[in-house]
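Enquirer: Okay, here's what each chain looks like letter by letter:
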Amino acid sequence: MAKILVFTELHGSHVKGVTLEILGKLAGHTVDVAAIGAIPAEAIADLAKFGAANVHSLKGANLEKYTPEGYANALKGFIAGGSYDYVFAGATSLGKDLLPRVATMFDAGMASEVTNFIMEGDKFAGTRPLFAGKCFAKVELQGPKPHFVTVRPNALGMNANPTAGAASVKEDAVDAGAIRAMIKDIVKGASEKLDLTEANIIVSGGRAMKDAANFKILEEMANVIGATVGASRAAVDSGFAPHAMQVGQTGKTVAPSLYIACGISGAIQHLAGMRTSKVIVAINTDPDAPIFTKADYGIVGDLFTIVPIMTQEFKNLLGK
Amino acid sequence: MNIFVCVKQVPDTETKIVPSGDGSFIETSSIKWIMNPYDEFAVEQALLVQAANAGSTVTVVRVGSVKDTEALRTAMAMGADDAFLVEAADNLDSYMIAKALKGAIEKSGKTPDLILSGKQAIDDDCLQVPQILATMLNLPSVSVVVGYEGSATDITVKREVEGGALEVYGVKLPAMIACNKGINTPRYASLPGIMKAKKKPLTTLSLADVGVSDADKRVKYSNFQLPPEKPPGKKFDATDAAKQAQVVKDVVGLLRTEAKVI
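Those protein sequence lines, which keep their order, are chains A and B.
Counting in the numbering used here, the first sequence runs from 1 upward without gaps.
Counting in the numbering used here, the second sequence runs from 1 upward without gaps.
Don't read these hints as lab results, they were simulated from the structure.
Small disclaimer: the values here were computed from a predicted structure and weren't measured.
There's no promise every hint is true.
What the hints assert, rightly or not - Cross-link-like lysine to aspartate or glutamate pairs, in silico, EDC-like; alpha carbons within 16 Å at most: (1) B/Lys-235 / A/Asp-286; (2) A/Lys-294 / B/Glu-229; (3) B/Lys-234 / A/Asp-288; (4) A/Lys-59 / A/Asp-172; (5) B/Lys-220 / A/Glu-140; (6) B/Lys-217 / A/Glu-140; (7) B/Lys-243 / A/Asp-302; (8) A/Lys-278 / B/Glu-229; (9) B/Lys-16 / B/Glu-27; (10) A/Lys-145 / A/Asp-122; (11) A/Lys-184 / B/Asp-154; (12) A/Lys-145 / B/Asp-216; (13) A/Lys-188 / B/Glu-162.
One chain only, chain B, in its complex shape (with noise of 0.2 Å):
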């Protein structure tokens, strides 16, 4: 089978986010950039097919910038045979991205049997690429999926929905497969694997390579800020036993009377 997993880099979930001078973008400068943790569910979601499946090929693909290629070697390390890394800013819209996805895709010479990325990336919480890239594939996509299970040719999945509900899917490959947490539980590279990641194949691209121009731009963000800082709330203290049945009398009636939410 051909595995293609779609990585993303992103800022580190601890990360204080500051808009840039001019509000077009945010300041990257001292981010700390992780793989986006829904892919690493992806990237291994991809080992456990391969493993599966003998002759499998797993490669990875990224949109972004090519100052930092950690998310490609960290998936390399899990155990990825090899890369390719459209260079490009880290502020595209999703339609750009996928397009250069599909675009890098071909480029590899190999037709997918299956493509697996994370079901969002914890930056833009756009949740759209693997759907349009699937769609623009022509292939059938499941989202949000908790549970995989099946053959090279025809697998079932699982996909939550609102209230912790699943609705079960069966799929027939190729296709593409966006994954959750709670799919599996991702590997660490090993020290070896890390050393083997270093030697392994990636391949950078531009976006001119895959096809993908300005005139592909669909969403226009700008105006970044902060969100508008709440004025300081009431605090109670109701450590004292004796005080804690008035407090929480006040907090209630205060939520009726001031906040007006019960």
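So that you can see chain A by itself, here it is in the shape it has in the complex (with noise of 0.2 Å):
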């Protein structure tokens, strides 16, 4: 049996689903969940409900905003004090960002972004996409430990533990160390919505839309689903959309549940960011597209007359 931590980022007063993701694939396992700051109580029943065993809130000076090197220090003093055998947190961008960091600092091995894994006793084996989702592989840790592991949003699905109880809360008092890169300012984003790794649904748009402006169509159906709104590469291109929006082999790779793409011809880069979205609904005036052979519902027509009518169709679904 592996003794285990989970890093996990405090969002508002939740923790990322990812986490609950985690914490519900590791059930059987006596698992530690740690955050920077003070959790609030809901997200430490949702923790606990998903299997946490100890929940540790770090506090220290220089904390209040993630740093690289400020988190790195912190996570790697609490760590060194827990012998664990592995650290688990979300491919998110602090968990990207955060975790090699502490590895190293482990001289540690760390797997990135895996879409599953099982450990058998406290031996861990992951598959993890490359290539963009070209490929797959296996991945496993070798080498001192702790091993680090960041796992895809979404991927994993929600899975209760059926071994959950009550979390117990500990503060742990962690030391930032010397912060050589401080952050100034935090710009806030065009998007109030869900990132796109994190998202559950995406709706996206191609160089078929033509126009900036036609994103509005797509930004309509995304607030009546729920969904954040993605680019293909050529309508960003085309300067339709910035590049945080992008889907694909240069943009981001997504998972979500459902993923409509809209004008979208379906060029190689492309599938292989949107390939492990578990539904995807293509529209294309194109018959031959080849988003249609990725596609679970494809609909041959003009998106200029099908989103607006899909969007009417959520809504009285939905009862919106």
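From these two lone chains plus the hints, build me the complex, please.
Expert: Set out below in structure tokens:
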């Protein structure tokens, strides 16, 4: 049996969904959770429900905002006192940035962004996509412990932990150490919605959107079904959308439950970035577009007429 | 300033990936290799910093197969001064690559003021090497950087995070910065640049030269395979205006009853 730590980020009063996915998958193991800062009661209840044994609130100076060095130093100090075999985190912006630093402080290896894994005794074996999902490989870790793993959001699914009980909560003093890259400001993003990498539903537009202003019809549909709007590389390169919205091999790799591709032909780089979507809907005028080979539901037609009708249908269905 | 750029050669994004027969890696014999797209931004940023700081040098470093040094020559054709190649297999793990890069930087005899790279390589998609290298060299690092300004000692960089938000960092050099698309527009190598690059120094080192051995392997990959093919989906013709509303209604209904995602 492995001793495991799951590092989580706080997102308002909640923890990120991927933390709960990881906890559910680790049912049967003793799992601690650590977060930097005060953990709201609501988040602790969620963590306990999914199987956290001990929840650690790490506190110290200069940790109000994320900095790679400050968080890494703090986490390293905490982990070093805990004799953990594995440290897991979500493959979020923060997790992907932080964990390689902490792993290296232990001379340890790290498996990035696995989409599934098993723990047999204290041995980890994961599966991860490479080449933006064009192929998959088994990934194992060796060398000094603890071993580090990040997990792609939405990949494991929410599975409740049958052994879950009440988690104890402890406060631990940690030291951020010297910070040479200090955060000066945070500029809010254009979207208040979940990031593409964490979104459960994505509505994406391609070159056929013709204009940035036309993305409004995708936004309208996204608002009805709680989706985040994405774009293909062709749409980004044409200036219709910022790079932060790009889905594909040179953009973001996504794994939503539902991906609605509007006016996207389906270049190999785009298919690579969205192929792990559970259900794919494609709307395109070209019946031979490659996107239809990956779509669960394909609609041959003009997105400018289909999308507004679809938005209305979703409204009817959801009673909005 | 001593500026270093870490580059990688990766399969062209249009490459169809085929696992090797024994599943230990992918078939590489017919792949067209290109400079990792994110590394092009790093090379460009190095050249911009060099231009703003007289007397600076730009050194490109790569760990990988010796058979093709195109990424290094491309970077030198864009304007980099010299290059180091650590000869190795194309499938080392991130820890070994970072350790080899560190060794090559140390072998150069120059103390880095700034190390740049792409935010990730588009082959293994690990997003680890910049952070590992920075930690090994005890440098601060900022990754996924879309904005860079500053002097030879202090810089301000913008890091892109969720939802398109930006974290603005003040960083004291030396530091490691991993670049994202949007930071600049990479220049094309000129013909005179390409001719000149052929004569610029390119030093080849072995893994042993930079102190890396099999004992440094931390991540073991195996069983490379293609993703499972999906069964064919359902396709509906909505080109006829009279049928559009019904088709859309049917699909939305299927998303609720069959796919259960709405």
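Enquirer: For every hint, state whether the structure bears it out.
Expert: Each hint, compared with the structure:
Between B/Lys-235 and A/Asp-286 the CA atoms are separated by roughly 12 Å; this keeps the pair inside 16 Å, and the hint holds. Between A/Lys-294 and B/Glu-229, the direct Cα distance comes to roughly 9 Å. Compliance with the 16 Å bound is thereby established for this hinted pair. For a cut-off of 16 Å, the pair hint linking B/Lys-234 to A/Asp-288 stands: about 14 Å separates their Cα positions. Between the alpha carbons of A/Lys-59 and A/Asp-172 the distance comes to roughly 6 Å, so the proposed pair stays at or under 16 Å and holds.
Between B/Lys-220 and A/Glu-140 the CA atoms are separated by roughly 5 Å; this keeps the pair inside 16 Å, and the hint holds. For the hint pairing B/Lys-217 with A/Glu-140, the CA-to-CA distance comes to about 11 Å; that is within 16 Å, so the pair holds. At most 16 Å may separate the alpha-carbon atoms for a hinted pair to count; B/Lys-243 and A/Asp-302 meet this at roughly 13 Å. Distance hint between A/Lys-278 and B/Glu-229 is fulfilled; the C-alpha atoms sit about 13 Å from each other, no more than 16 Å.
Note on B/Lys-16 and B/Glu-27: the hinted pairing holds, with a Cα-Cα distance of about 10 Å set against a maximum of 16 Å. For the suggested pair A/Lys-145 and A/Asp-122, the alpha carbons sit about 11 Å apart, so the restraint of at most 16 Å is met. Between the alpha carbons of A/Lys-184 and B/Asp-154 the distance comes to roughly 13 Å, so the proposed pair stays at or under 16 Å and holds. The hinted pair formed by A/Lys-145 and B/Asp-216 meets the criterion: a straight-line CA distance of about 13 Å does not exceed 16 Å.
The straight-line distance between the Cα atoms of A/Lys-188 and B/Glu-162 is roughly 10 Å, inside the 16 Å bound, and the hint therefore holds.
The structure fails none of the hints (numbered hints given earlier).
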